[in-house]
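What follows is the residue order along each chain.
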Amino acid sequence: MGVAPEEARTVKALYADPRLDVLNHPHPSPLPTRGGEFPTRSIPSLKAALVDQFLQHLVNAMVLGGAYALLGIGLTLIFGIMNVVNFTHGALYTFGAYAMYIASVSLGLNFFLALPVAIVAGLALGALIEILLLRPLRGADIDTTMLVMIGAGIILQSSTLWTFGGVAKAIPNPFPDAPIAFLGVSISWIRLFVLVAAAALIVGAYAMINGTRLGRAMRATFQDADTAALMGVNVKVIYTATFALGSSLAAAAGALLGPVYVVFPQMGDLAAVKAFAIVILGGLGSIAGATIGGFVLALAEEFGAGYISSGYRDAMGFLIIIAVLLAKPTGLFARAERVG
Amino acid sequence: MIFRIPSMEMAMPTFRIASIAALALGLAAPAFAADTIKIGVNQPLTGPFAASGAYVVNGAKIAADEVNARGGVLGKKIELVVEDNKSNPTEAAAVAEKLITSDETPVMMGAWGSSLTLAVMPKLEEYEVPMLVETSSSGKITTSGNPFVFRISPPSALEAEMFAPMVEKIGVKKVDFLVINNDWGRGAAADFGKMLKDKGVTVGLTETMDASAQDMSAQLAKIKGTDADTLMITAAVDQLTLVFKQMAAMGVKKRVITTGGSQNPDQIVAQAGAAAEKTMHLTTFLPWDPAKTPDPKATDYFLAEWKKRGYPFAGATESFRGYDGVRTIAAAIEKAGSAESKAIQKAFWEIELTGLNGPIKFAKSGPAGKESGQSKPGVYLIQIADGQISEVKL
Numbered sequence: 323m324g325v326a327p328e329e330a331r332t333v334k335a336l337y338a339d340p341r342l343d344v345l346n347h348p349h350p351s352p353l354p355t356r357g358g359e360f361p362t363r364s365i366p367s368l369k370a371a372l373v374d375q376f377l378q379h380l381v382n383a384m385v386l387g388g389a390y391a392l393l394g395i396g397l398t399l400i401f402g403i404m405n406v407v408n409f410t411h412g413a414l415y416t417f418g419a420y421a422m423y424i425a426s427v428s429l430g431l432n433f434f435l436a437l438p439v440a441i442v443a444g445l446a447l448g449a450l451i452e453i454l455l456l457r458p459l460r461g462a463d464i465d466t467t468m469l470v471m472i473g474a475g476i477i478l479q480s481s482t483l484w485t486f487g488g489v490a491k492a493i494p495n496p497f498p499d500a501p502i503a504f505l506g507v508s509i510s511w512i513r514l515f516v517l518v519a520a521a522a523l524i525v526g527a528y529a530m531i532n533g534t535r536l537g538r539a540m541r542a543t544f545q546d547a548d549t550a551a552l553m554g555v556n557v558k559v560i561y562t563a564t565f566a567l568g569s570s571l572a573a574a575a576g577a578l579l580g581p582v583y584v585v586f587p588q589m590g591d592l593a594a595v596k597a598f599a600i601v602i603l604g605g606l607g608s609i610a611g612a613t614i615g616g617f618v619l620a621l622a623e624e625f626g627a628g629y630i631s632s633g634y635r636d637a638m639g640f641l642i643i644i645a646v647l648l649a650k651p652t653g654l655f656a657r658a659e660r661v662g
Numbered sequence: 012m013i014f015r016i017p018s019m020e021m022a023m024p025t026f027r028i029a030s031i032a033a034l035a036l037g038l039a040a041p042a043f044a045a046d047t048i049k050i051g052v053n054q055p056l057t058g059p060f061a062a063s064g065a066y067v068v069n070g071a072k073i074a075a076d077e078v079n080a081r082g083g084v085l086g087k088k089i090e091l092v093v094e095d096n097k098s099n100p101t102e103a104a105a106v107a108e109k110l111i112t113s114d115e116t117p118v119m120m121g122a123w124g125s126s127l128t129l130a131v132m133p134k135l136e137e138y139e140v141p142m143l144v145e146t147s148s149s150g151k152i153t154t155s156g157n158p159f160v161f162r163i164s165p166p167s168a169l170e171a172e173m174f175a176p177m178v179e180k181i182g183v184k185k186v187d188f189l190v191i192n193n194d195w196g197r198g199a200a201a202d203f204g205k206m207l208k209d210k211g212v213t214v215g216l217t218e219t220m221d222a223s224a225q226d227m228s229a230q231l232a233k234i235k236g237t238d239a240d241t242l243m244i245t246a247a248v249d250q251l252t253l254v255f256k257q258m259a260a261m262g263v264k265k266r267v268i269t270t271g272g273s274q275n276p277d278q279i280v281a282q283a284g285a286a287a288e289k290t291m292h293l294t295t296f297l298p299w300d301p302a303k304t305p306d307p308k309a310t311d312y313f314l315a316e317w318k319k320r321g322y323p324f325a326g327a328t329e330s331f332r333g334y335d336g337v338r339t340i341a342a343a344i345e346k347a348g349s350a351e352s353k354a355i356q357k358a359f360w361e362i363e364l365t366g367l368n369g370p371i372k373f374a375k376s377g378p379a380g381k382e383s384g385q386s387k388p389g390v391y392l393i394q395i396a397d398g399q400i401s402e403v404k405l
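Sequences listed follow chains A and B, in order.
All residue numbers in the first sequence are consecutive under my numbering, ending with 662.
All residue numbers in the second sequence are consecutive under my numbering, ending with 405.
There could be a bad hint or two in this list.
What the hints assert, rightly or not - For lysine-lysine, the following DSS-like pairs were computed, each having C-alpha atoms within a straight-line distance of at most 30 Å:
| hint | chain 1 | residue 1 | chain 2 | residue 2 |
| --- | --- | --- | --- | --- |
| 1 | B | K372 | B | K87 |
| 2 | B | K319 | A | K491 |
| 3 | B | K210 | B | K151 |
| 4 | B | K404 | B | K303 |
| 5 | A | K491 | B | K318 |
| 6 | B | K233 | B | K205 |
| 7 | B | K151 | B | K387 |
| 8 | B | K387 | B | K184 |
| 9 | A | K491 | B | K233 |
Said to hold, decoys possible - Per the computed footprint, the stretches of chain B lying under chain A, defined by three or more beta-carbons under 8 Å from a beta-carbon of chain A, are:
| hint | stretch |
| --- | --- |
| 10 | 58 to 65 |
| 11 | 215 to 223 |
| 12 | 230 to 244 |
| 13 | 284 to 291 |
These are computed hints drawn from the structure, not numbers from a lab.
Model, not experiment: these values are computed from the prediction.
Heads up, the beta-carbon is just placed ideally off N, CA and C, and yes, glycines get one too.
So that you can see chain B by itself, here it is in the shape it has in the complex (with noise of 0.2 Å):
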């Protein structure tokens, strides 16, 4: 729908940071407190994606929280300007353009969805500014180049990559696909229907579900009538939490793997019950075990600090991205010396840290000369089972 109210989300950012403004006031020199640099959030906080994207705003805000505690960047506070996408591509484009032209943000993070992503990136190149890409997960997003694309999520062929040496394990031999009818989930049956025929398992059924829809029963009939074994499903949390709940009451019995890292388990577990029970996830943090965690302590930081909150633990999966993006973009920003877009991009390349799920690094993809920024983070396979979440040792 066509309206334009703030919601409670997008109220609460500019009375938390007028709050540690106010704080930091008193602590910093009264000089730095009115100049910020500004970082454009683009999310989904509305819509079908809405709870991933209020994970993610509120894991970047504990970063934000955490760089300015550490007196900034620069010698300057960040502050984050957060917009709501609701979830669809034109809106995205033109929050993007927003955040660009009405509130100077120099580099941003965004936009969740893959068709959400796609649909920023034009605006990038025409005003040159970078993007730090926290959740998408489409090949097409660096490899169609962009050079204002920095990517800290694993497009859905490092996924398939990741987990190759898993299928046999597992004894996988057939697969159906139930996926979210945009690039996102059409990307990801491509790539893992691709690696899943290399290794010489057999890809029958791609079906396919519309972003908001909520009725998956006829996809499922048919798919309780294959042969396939495996169902590998991606989709974003509350849409799997019901295809779990539509299975069990049509009785489909097949193993499940579910891909993207979108899958906020816990929440599953809360809302599904007995119907995840045995349903493996490919993800791409472990907050279940911050021990094996690349950073424990970081880990550790940030899990108590999203509980201080008052944040529900099951969102701990999608809000690290946000938390490590905006940890990233205060990197980059602090190596190019200067808030400007053009040595935020240069700078991009060359930092180097330890996010929650293993080193950020960017390294090149995409056409020459046009280089997209790719960093490759670690993916885990998790299982639910008694209502526990642990990972797949194989």
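So here's chain A without its partners, still in its complex pose (with noise of 0.2 Å):
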């Protein structure tokens, strides 16, 4: 590691045991860094030093804004055509995680084969939610539904506790250990796949939405689901595609980050919390609002955390949607209100 070669060529000589070299260094100078750099380096300019800090927290904000973004697009759409507020959303960004750990780590499979399995696992997992609960709940009280959600979340972090206890497990990735680094910034590579991920699967939900007769059909429920039916969509095929589709966009941001962190029952609880703040913050029900929340919430979670106080980092998301509601209480993209 690091240590230069004929240096380590010495210890190996003096010392029996290489693996403690750099601690047995009887050398009068520091000891090398994690790096190999000796910690004596010359202090880059204030001014480098900010601009590189500076970038580097963009680039941080960028790739967990897109997971952010993928959380927030699949709850507000569903809230928006559904009118259902998803308790289970944290739940399945959970599940997400975890069927990528089984596809990957225990069924053995590769990579990117693991990934549309994890997502389509939500999917279907999203498709059984709204056939078996909100299904039979239609025209229900709103507290009813929202009663049913919470409980169908407890049961599933439940289960997942059950079946895989609480112990955090880690999904492997196939990528180089090693960061790219550019201009003073770093990035590992399974984060920049993640960003590529997100902002695909983003532009393919756009390009659903907007492009397909599926899309049109979920428009047109969005927009009035009785004329919507009356017209000949099915709008029970409609609602349960919609909630599918929201699912497997949570699933599929779980199964982004749980590579980039460590899979545990209990990774949905902030998440959903994030993923309602986005969705407050862009409008409930604005696809749009979503993906630019997601950003926002990721560069003042940042920036807050890089320059204000790393203690409050989750505070800052929050500290932005009360500013924002103060000043603009529909969010920052909500459609006008229907009426009649």
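Grab the two chains, each in its own frame, and use the hints to assemble them into the complex.
This is the structure:
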């Protein structure tokens, strides 16, 4: 590791255990740091450090923002079209991460094959929840639906806990460990992949909603479910498709972030809170709002933690929301409320 | 979240203890078998500290089985009543209350994290039940005047004191801290910071991270830009793994030293791989080299039993706390001559035994008249190099 070859040789000659070379080194200068650089390196100019740090925060925020946007779009889609507050969203995010774990670790599938498998599993679970729980509750009062969804979320989380235990699991990824470095900014391959995959999924979701027959039927249902039904749209199918699509986006976010972080049963709690924050920020039911909201939240967290206080990282997003709600209570991109 | 579904971990002990009790029925007099001495175990089995809590509980079970195989204490078997505090201080206090009032445990072990233990402490005073603290390292636990607390883990000031002679030899000049945002992490940053300043080392940033945070990139971007040569990190194993991976991803190249003894380095090696290379860790147990531990025979027995039960080796650095904790409690009950809280509390002051990381003997700590017990365990510095773990000799 990092130690200059001739130095390492001397050490090996002197000491029996090469593993301790660095520490047994009698050299009077300070020990090399992890990367092999000596800590007495010249201090970079303040300006360069500030620019580097700013760019690094920006890159971090973009990567995180992609995943946040996926979470937000899934939630806002379901709320906008079905008028259902989906309290299983966090559990579906967790489910996606565990599906990825099962597919890639337990079943040994290739990483790039495991990802679509996890997303499809999320789609299927979403469809199942809609058919079993929401379809019979159509027309029921919003409180009933909400309670049922909270219950479903608890059941899902507890089942995960029961099946996998509380100890976190790691999902290995096939990318090289060494980061890509440019302009003093580093990004790992896996994070870059997450950003690209999230962007592709967001574009895919837009294309589906704006360019396909199913998407048109969804938008029609969004505007007025009764009229859409009169025009021959099978609203039941649209609801199932919407919930499944929203769920698959949450599962996709979990499957993408699982390998970046670690996977554990309560990982969805914070994700769900953030998804709600993003949706409120962007305006309930607005897909563009959720996309931008995801990036705004990531930027707020990243720069808030970087320049104000890391202890309040998770609070930053909520401070922004309070500010937005005070200035524009319907959120940044809310559609005008339909009357009648 | 607010629901109570027992995890696998919680379902297990009843099952295992029941089968052991059934076995005991055949050997011991039936009159004793039904009558047990209960020990409450308050650990995080879900939430961010789940890995560590599960290790401690599994270590505790080994000790309980060992004690029972020798005939128990005071002619009775001991029984662990394990409860999950969900890594949450409010839950930890509720669990303590439940163990004391509903299970009527005369003595407890817990509660892993400093914030969890601090939340339990008022309950100990309220019900006058002693608790053995096996992991927590916040100084406040033994200095706030709670006479029901007996701690076998090192407070961070003691960790810092034992690390002090190594500072110069390693070549530490300027230190940044990245700590978990609770009593444990902030306490460690304060105690180590004080020691380092006394040694003439410059202390730079102190960055914090939420207990459940998974993304530390903002903090690391800030740390990357400083001229500190060393980063000291205080967090539990899962978060450490993430920090190391994210440091590697962002190209943060500094010497890393972690504190707190909840690193489970083998798990870090397995999960963080190359990102954990050259990191150093202050720990309280050396399972990698049983011959160097204070009681090699006990270490061998414990590690063999740990392996036999199919637990991952990585857990040994934490599980020994549960093992030592229950053995200490059993010794106190034996000494007390009765399973009464008051007698056990008194007996804690009189016992002396050799734990897996050194002699366990409680010295008085905190305000006079209301002292807590503090034992002085060994602290070791280990390093990960080429995926191997070994003690750093300076």
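These are the hints, each one checked on the structure:
no.	hint	in the structure
1	B:K372 <-> B:K87	holds, 25 Å
2	B:K319 <-> A:K491	holds, 23 Å
3	B:K210 <-> B:K151	holds, 23 Å
4	B:K404 <-> B:K303	holds, 13 Å
5	A:K491 <-> B:K318	holds, 20 Å
6	B:K233 <-> B:K205	holds, 22 Å
7	B:K151 <-> B:K387	holds, 16 Å
8	B:K387 <-> B:K184	holds, 28 Å
9	A:K491 <-> B:K233	holds, 28 Å
10	58 to 65	holds (count 6)
11	215 to 223	holds (count 5)
12	230 to 244	holds (count 8)
13	284 to 291	holds (count 6)
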